[in-house]
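2 protein chains.
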Amino acid sequence: MSRFFTKTLAQLEPYTPGEQLKIPDLIKINANENPYPPAPGVAQAVAGCVDGLRLYSDLTEAKLVAAIAKHCGVAPENVVCGNGSDENLLLALRAFCDQTHPLAFADITYSFYPVLCDLLHIPQHILPVEQDFTIDLTKYYGLSGETIVIANPNAPTSLLQPVAAIEEVVRRNPDSVVIVDEAYIDFAGAGATCIPLTQKYDNVMVVQTFSKSHNLAGARLGFAVADPALIADMNRIKFSYSPYNINSLSEAAGAAAMADEAYFGKTTAAILATRTSTTARLRSLGFTVLPSATNFVFASTDRMPAKEIFLKLRSRGILIRYFSAPQRIDNWLRITIGTDGQMDALVAALKEILA
Amino acid sequence: MSRFFTKTLAQLEPYTPGEQLKIPDLIKINANENPYPPAPGVAQAVAGCVDGLRLYSDLTEAKLVAAIAKHCGVAPENVVCGNGSDENLLLALRAFCDQTHPLAFADITYSFYPVLCDLLHIPQHILPVEQDFTIDLTKYYGLSGETIVIANPNAPTSLLQPVAAIEEVVRRNPDSVVIVDEAYIDFAGAGATCIPLTQKYDNVMVVQTFSKSHNLAGARLGFAVADPALIADMNRIKFSYSPYNINSLSEAAGAAAMADEAYFGKTTAAILATRTSTTARLRSLGFTVLPSATNFVFASTDRMPAKEIFLKLRSRGILIRYFSAPQRIDNWLRITIGTDGQMDALVAALKEILA
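Sequence lines, in order, name chains A and B. Just so you know, we're using this note's numbering here: the first sequence kicks off at 1 and counts up by one. Just so you know, we're using this note's numbering here: the second sequence kicks off at 1001 and counts up by one.
Among the hints, a few may not be true.
As the list claims (entries may be wrong) - Calculated lysine-lysine pairs in the DSSO-like style (CA-CA distance at most 30 Å, straight line):
#1 A:K22 <-> B:K1063
#2 B:K1200 <-> B:K1063
#3 A:K7 <-> A:K312
#4 B:K1351 <-> B:K1139
#5 B:K1312 <-> B:K1022
#6 B:K1007 <-> A:K200
#7 A:K139 <-> B:K1307
#8 A:K312 <-> A:K22
#9 B:K1312 <-> B:K1351
#10 B:K1070 <-> B:K1351
#11 A:K70 <-> B:K1022
#12 A:K200 <-> A:K139
#13 A:K312 <-> A:K266
#14 A:K7 <-> B:K1139
#15 A:K22 <-> B:K1312
#16 B:K1351 <-> B:K1307
#17 B:K1307 <-> B:K1022
#18 A:K63 <-> B:K1022
#19 A:K22 <-> A:K307
#20 B:K1200 <-> B:K1307
#21 A:K351 <-> A:K307
#22 B:K1200 <-> B:K1139
#23 A:K7 <-> B:K1200
#24 B:K1307 <-> B:K1063
#25 A:K70 <-> A:K200
#26 A:K7 <-> B:K1312
#27 A:K266 <-> A:K63
Said to hold, decoys possible - Quick list of simulated restraints, FRET-style, between CB atoms:
#28 A:D344 <-> B:A1066: 51 to 61 Å
#29 A:E308 <-> B:A1232: 47 to 57 Å
#30 B:Q1011 <-> A:D344: 34 to 44 Å
#31 B:E1013 <-> A:R316: 38 to 48 Å
As the list claims (entries may be wrong) - Examples of chain B residues lying across from chain A (beta carbon under 8 Å, computed):
#32 M1001
#33 Q1011
#34 A1031
#35 V1046
#36 G1052
#37 L1090
#38 D1098
#39 V1115
#40 L1116
Don't read these hints as lab results, they were simulated from the structure. For each residue, glycine too, the CB sits at the ideal point set by N, CA and C.
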């Protein structure tokens, strides 16, 4: 860092994103992206707003908020949008945490939470997951004076908690905001989302993204659903730091993607079918595969160290995610569910590697 | 705010953006937007990346950075992009200011600086502009331990400082980062930009935007040019808070807009010609108009209070910017240069109002 860089952030360890390999014909199943293109209506929606780019975007994001509210069955006052889900997490942490209000979260979860805490000087209360990677949510009761974030389903473990278990956390922390990060919830089946809790409790916020189930990772769109008072708090931060946070093109893309429930249903179902078959095939190759509620699987085998499998797949042009962090997951692999064809190639390569 | 909102930001006064009136046939000359649509190549560039939206955007923004570097005559290592210029200001303030390193800036300037300082708990060193709204940059010498931001041309005054005067500030503050906010520089004529200083000094950063001269306010794109060490500092913050800050659609739009130097030259020249004629017409109506180096004019008259003119124009469907803040500018109006037709309508309305 330069001699001008603030000493208060000298220890900052920036988030390490998944590898961006530029190889022709790469099978890229390392970043939990959707293998299917955006909904057919997205192209026209985007084309329709190019001339209007000379004007600032709508800082209330009214069209996008309306589409999200309709999809989620809530009111527009329950919704705020972010430039990616990461921005909503930033707004929430800035609004509901500070140096005397820690953020509580699991040791094995989305690795961006500790990065944001470091940036914002927020103390971290880290709660280890169990030996089998499940989360014992009774350990989250009575965390007075803390804000809580629970990724559900969790990443990279892919495991889901039932709404009732999360509701107990919300109920037993009435003076804390409980953030439920539902980036992968649309792959968890009906009734898995905690959005209904936002209509019942004033201290729960559900964060979702367009990056996975709505095929728009490149558009950078996320949203949060909560009691209107919490949404107003989020907007208070947003207007102090990036009033026009969503660009017009992404707003149009997101609204069109969210309106096409049929395409959403079809592509999500295709991913779930491929997940079922991939899980079975990996198990037959000797992998332990956790029961996934996401668009990826978390797998491990005694047949070869995870890092070696990762590197051998990589040399064959198949990119999956390996976590070298000194955690309990250093013999596990995170594999995004791609198309059936991509999974065929993966399984064939694994057979060769493990032969 | 809700009972959960952090007490550390209870005093936050969010930035107030220009009014977003939704009136048919509105003449919107209140937000310094470009009256001309984006360059012709933007539509195709955007259409070409819709299918790829399923993938994350390029977190190095290589194509956009290359286009900017070429346009500015610098190396890619000198450039970082932001989700709007506001984000670059945020990254810079986070990187180069803290509770013991204040930000120095003028009392009459871009109103977002104090908002960001409040959000980030950065002390403000406010330097009043002169009675005639010029800035005496000798007052910026020797501000040891402070970061400095100078909007050049300044807003809303529209006044330009020569590069040599800013170079003196850079030279006389060798241990401070000097940020030159050049949002409007492309309307200031040849040789006005401080970008060449970034090749000579390690403590100057130039911030520019696609919102004005590149007709892309809705795409939310800004960039900073500086010594590679300062750019690395900016990226250090970026990767801790929003690694994928630029979406793929805006990246493509920005690269296409920046590559079309002919369209840029033509639309900029058209705005300068309209500015010249508008300035003359306003003066003939009895307005004092500062000599503008921007795509707006800053004007005042003794014939009627500014607020009354603003409201009367508004009721005629013409929206300009009036600053009600209790500053020295409460009898001044900021008027964006639109098309010749829009300016005809403005002048006709002013003639009626002042008759």
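Structure-based check of all given hints:
no. : hint                           : result
1   : A:K22 <-> B:K1063              : holds (14 Å)
2   : B:K1200 <-> B:K1063            : holds (25 Å)
3   : A:K7 <-> A:K312                : violated (41 Å)
4   : B:K1351 <-> B:K1139            : violated (41 Å)
5   : B:K1312 <-> B:K1022            : holds (17 Å)
6   : B:K1007 <-> A:K200             : holds (25 Å)
7   : A:K139 <-> B:K1307             : violated (59 Å)
8   : A:K312 <-> A:K22               : holds (17 Å)
9   : B:K1312 <-> B:K1351            : holds (12 Å)
10  : B:K1070 <-> B:K1351            : violated (46 Å)
11  : A:K70 <-> B:K1022              : holds (23 Å)
12  : A:K200 <-> A:K139              : holds (23 Å)
13  : A:K312 <-> A:K266              : violated (33 Å)
14  : A:K7 <-> B:K1139               : holds (27 Å)
15  : A:K22 <-> B:K1312              : violated (58 Å)
16  : B:K1351 <-> B:K1307            : holds (16 Å)
17  : B:K1307 <-> B:K1022            : holds (21 Å)
18  : A:K63 <-> B:K1022              : holds (14 Å)
19  : A:K22 <-> A:K307               : holds (21 Å)
20  : B:K1200 <-> B:K1307            : violated (45 Å)
21  : A:K351 <-> A:K307              : holds (16 Å)
22  : B:K1200 <-> B:K1139            : holds (23 Å)
23  : A:K7 <-> B:K1200               : holds (25 Å)
24  : B:K1307 <-> B:K1063            : violated (45 Å)
25  : A:K70 <-> A:K200               : holds (18 Å)
26  : A:K7 <-> B:K1312               : violated (52 Å)
27  : A:K266 <-> A:K63               : holds (24 Å)
28  : A:D344 <-> B:A1066: 51 to 61 Å : violated (37 Å)
29  : A:E308 <-> B:A1232: 47 to 57 Å : violated (33 Å)
30  : B:Q1011 <-> A:D344: 34 to 44 Å : violated (59 Å)
31  : B:E1013 <-> A:R316: 38 to 48 Å : violated (56 Å)
32  : M1001                          : holds (6 Å)
33  : Q1011                          : violated (11 Å)
34  : A1031                          : holds (6 Å)
35  : V1046                          : holds (6 Å)
36  : G1052                          : holds (6 Å)
37  : L1090                          : holds (6 Å)
38  : D1098                          : holds (4 Å)
39  : V1115                          : holds (5 Å)
40  : L1116                          : holds (7 Å)
The structure is inconsistent with the numbered hints 3, 4, 7, 10, 13, 15, 20, 24, 26, 28, 29, 30, 31, 33, although it conforms to all the rest.
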